[in-house]
Structure formats: C-alpha cells, structure tokens
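**Student:** This note's numbering numbers the first residue of the sequence shown as 28 and each following residue consecutively.
By construction, these hints were calculated from the structure, which means they are not laboratory data.
Where hints are given, some of them may not hold.
What the hints assert, rightly or not - Dumping the calculated DSSO-like pairs for lysine-lysine here, alpha-carbon to alpha-carbon at most 27 Å:
{"hint": "1", "residue 1": "352", "residue 2": "331"}
{"hint": "2", "residue 1": "216", "residue 2": "42"}
{"hint": "3", "residue 1": "331", "residue 2": "345"}
{"hint": "4", "residue 1": "216", "residue 2": "288"}
Stated by the list, open to error - Label pairs and their calculated CB-CB ranges:
{"hint": "5", "residue 1": "308", "residue 2": "32", "range": "56 to 62 Å"}
{"hint": "6", "residue 1": "208", "residue 2": "240", "range": "16 to 22 Å"}
{"hint": "7", "residue 1": "250", "residue 2": "90", "range": "25 to 31 Å"}
{"hint": "8", "residue 1": "331", "residue 2": "234", "range": "15 to 21 Å"}
{"hint": "9", "residue 1": "350", "residue 2": "212", "range": "49 to 55 Å"}
{"hint": "10", "residue 1": "237", "residue 2": "45", "range": "47 to 53 Å"}
{"hint": "11", "residue 1": "250", "residue 2": "218", "range": "41 to 47 Å"}
{"hint": "12", "residue 1": "92", "residue 2": "216", "range": "20 to 26 Å"}
{"hint": "13", "residue 1": "250", "residue 2": "224", "range": "23 to 29 Å"}
{"hint": "14", "residue 1": "43", "residue 2": "286", "range": "29 to 35 Å"}
{"hint": "15", "residue 1": "119", "residue 2": "361", "range": "36 to 42 Å"}
{"hint": "16", "residue 1": "211", "residue 2": "250", "range": "18 to 24 Å"}
{"hint": "17", "residue 1": "216", "residue 2": "263", "range": "18 to 24 Å"}
Ideal Cβ positions, reconstructed from N, Cα and C, are used throughout, including at glycine.
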Amino acid sequence: MPRNSMLSHLTSEIKATGPISVGYYVQNDMLGPDGDFITMPEISQLFGELLGIWCLSEWMGAGKPSHFQLVEFGPGRGSLANDILSIQLRGALGGAAVSVHLVEVSSKLSQALTRDQSQGWARKDEPVYRQGTTTTGLPISWYRNLDDVPRGTIYLAHEFFDALPIHKFQRTKGWREVMVDIDLDEPGKLRFVIVPAPTLASPQLIQAGEVRRLVEVCLEGGVIVQQLANRIAEDGGAALIADYGHGGTKTDTFRGFKDHKLHDVLASPGSADLTADVDFSCLIKMAGATVVCMGPVSQRDFLKNMGIDTSLQVLLRKCADPSIKAELIQGYPEILSSPRGEGGVRRWPRFPRRPQHPCLWLASVSLASREKRSQRPTMGSNRDCTAEAVNVNLPVKALKIRTHEFSTIP
C-alpha cells in the first residue's frame, strides 16, 4: 500500500473508532517497501553453519530419529536454512529423512515472499500454501500457522519475534495503554497518546509486580512460545530463539529503520521497517514449566562455544576465491562484536549441556549496530566454501542481536 494510502487508511480508521493500539499500527506498517534489515545469515555463512552444528547436536541428543525436520520462523530469503542444511551436515545425519518447513505468520510478509517466488502458490485457506524442493533437492513447504507444521522437529526463530506487533503501556494512575492517534495540531500526522482509562488489554498483559514505568508486551510472541513449548514437551525436539532483546529491564525500544538509519516510527507510515526488542523474561514465563528454558546468553559466547574459530579456519583453507576469503575475515569480528550498552556486558548463568527435560533455548545476542551491518555488502549466492562438521561441546545455546536505544514516546 503506498505511503499516502497507508496514512489515509489509518486516519480513517482512527476517525471511525478512536485511537488504535501500537500493535494494530505495526500490523499495518511493519515492513518497509524495500526491507531495511540485513540479517546475520546474509552477512556471513559461518553463522548458519554453526547453527547447523547446534541442530546436529540436538538431533543426536534426541537419539538420532529417522526424520530431521527443520522449521524456521520468518525465513526471509531463506539464507539461514540454506546454510544450516549444508552437504556436510546432511552427510552427518546419515540416512535420516530431511525436510524444511518455513512458517511466515505475517500475511504482509508472506505476500512479499510470494512476489519473490516463481513457483505456483495455493489458495490462502490452504494450510500448506507452497511446496517444492530446495536447490539441493530437499522437500520444502511453506505455512502460515505453526499448528499446520509436522510435529517433532527442530525449531529456529532468528530475528523473528522482534518484528511481531506489541502493546505499549505506561504507568500513570494505574497502567494506561499508549496508542496512536491523529495529531490535532497537524492533522496530516500521527502521534502517541496515553488513553485516560484502562483498556481491555491492560489488566491481561501487565505482569503482577511490574516495576518499570513503561512496558512493551508482545502477546502474539507469547502465544507462539506457548505453542512451541507444548509441542516440544509432547513430541520432543528443541527450539532456538535468537533475537534483539533483554531480560525484562528495557522500557521504550520500539523503533523504525529507513535507508539503514533510525527513523521516526510514526513518520510516513509504510516507508520504514518497525521493530521492538524482545522481552526474554516474558517469553520464559509464557513457556511455563513443561520445558526447560536455557539462557539467554550472548551471541559471542554462543558462537565461541559452537567453535566459530575452528570453522573459520576450515573455510579459509578451502576457499580459493580471494573475495570470499576477504568477506569471511571481515564478517568474523562483526558477528562477535559487542556494542556499548547492556547487551555487551550482561552475563547470563551457565547451564548443563543437556538437561533431562525438553528444552527451549533462548539467546541474547550482542552485535554490531543494525545500521553498520546493513551498509555492508553481502555474500549473496556465491557461497562455494562450506565448513566441515565440527564436533563441539555446547554448554548453552542462544542468540540475540541488539541495536541502539531509540525512544519515540514524548
């Protein structure tokens, strides 16, 4: 939807029903026209191949089942699944039947993905809206809902939860929801307002004993985590959530990116990508007691434990292309770097390698800023160097990627 049409649609909605929630605004405006986010798998293939080692470890720990089903949330261009399921990893899986399942819960993102594909697509009401094979011959299916995905799998959610809609609440005389309204001084613009009375969402979404002044709650993310926890508890498997986030200490993290720079979230709706840091403490509570939640830990610690140094040396030895070698060397410090702020110094407790109960692995990743990452050239599809499988012990698993603070509420 063009920017002017998006603004017109939102103002008409507000005039008809009153201020809208931040979550409703995000649902209409979460994806910029060109996509301002470049994710870690597109910066370095090392990232995906190390996650492949994690997947292999979980599969082996589960007793090497005859089926290996990789489920990825918010797959984007599919770079992550492509790197994870390298030829070497598939060889280590022996005779297991390997399949790929991609879940895109955002209708807007799935429509964008549809435009980028050349194969036929099913009707909107069909659970599997696309099927085919990967370039390496693996069966692959696309879904809109987790409920339709086969059970008993490895689940990955990388930079997925931070793009889901949120509700914002501010403590005044009790908890009041922050909503989006028309700017009375400039009718062609939008503004944040604090509603004078509690909304239906206020008592349901605020945790008892909350001490922060401003809170962001992702209801949809909590529901998905509950589904994952139930699946893992009943059918086995493991899940890894890697995203920008915090442990329940941050307040105003809702921000926009346009042209790889921070952008006012209410300016020119439809022109920027919108995101909010994930509250991992909330996800842990939503997962409940049926699974063990491990982490989160920093991205640096996770990748070091996965053997990134060894994998890099293997890749460099096998690469004959000087340009790819240069990109590998350039990408290495970037995926390990820790920016200033909580993400760079926070330490999370260590956990046993493999608990006796099903696990949901969480990750708090410290990373270079999104602006810096997005300006780098990416390796594209010219990836002819693949690391050999590395046998590493994994005390913890979890990633998470962090960027600058950006306050948008007056």
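**Student:** Please flag the earlier hints that this structure goes against, numbers listed from lowest up.
**Tutor:** 5, 8, 10, 11, 12, 15, 16 and 17
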